[in-house]
Amino acid sequence: MKILFDFLPIVLFFGMFKYAEGHRDWAASTATDWLGFMVSGGLVGPAEAPVLLATMVVIVATLAQILWIKARGRKVDAMLWVSLSLVMVLGGATIYFHSESFIKWKPTVLYWVMGGALLLGQLVFKKNGIKSLLGAQMVLPDSVWRTVNFSWVGFFSVMGFLNLWVAFNFPTSTWVNFKLFGGLGLMLVFVLVQGVYLNKHIKPGTTP
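The numbering of the sequence shown is numbering that gives the first Met the number 0, which starts it at 0 and goes up by one.
No false leads were mixed into what you were given.
Below, simulated DSSO-like cross-link-like pairs (lysine-lysine); rule was C-alpha separation at most 30 Å, straight line: (1) 125 x 74; (2) 126 x 69; (3) 74 x 130; (4) 126 x 74; (5) 199 x 126; (6) 130 x 69; (7) 125 x 199; (8) 130 x 199.
It is worth saying that the hints were derived from the structure and are not from the lab.
Hey, can you work out the whole structure from these sequences and the hints?
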């Protein structure tokens, strides 16, 4: 359930982009009406309108996620704050400058921030981020936890580069498809592979 909540802004971004892409005249007039005061020149053309509307939707959705969590009295994950900051800065630049290039960097920066946090935690602070998340569910040797942690660092690093490659070598519509289906699909495959690896090292009767 949490993964669906986490991916909700991406799903909404995808939905708005696809609808606006198929209704470019509506998208241009709507984006001009809604976002004209935020856009350089005050007018939005049919070419850039879909990504600008989708960007505004993802900003609102991410902010709504945080407000929902706060309203329920729960702690907001640090990465969600990072995501909000990135989408506000890069999304705001995309809207103001009529340029999709800024928002295309957002997944990459987020991937690298997550990977960097895991790497620094392991090497500098001697704290294994993955073990902190999963250690209550299973008992594993420290060497296995280190391998798992570094594998996530590698995964996030590769995903960051892969996002940039798709974003700047293919049409924006292809990048939007990859952002949802490619990102989610590759992560699920990686998690399954991790599960197989972890299962080999969990001894019967060692789970907490």
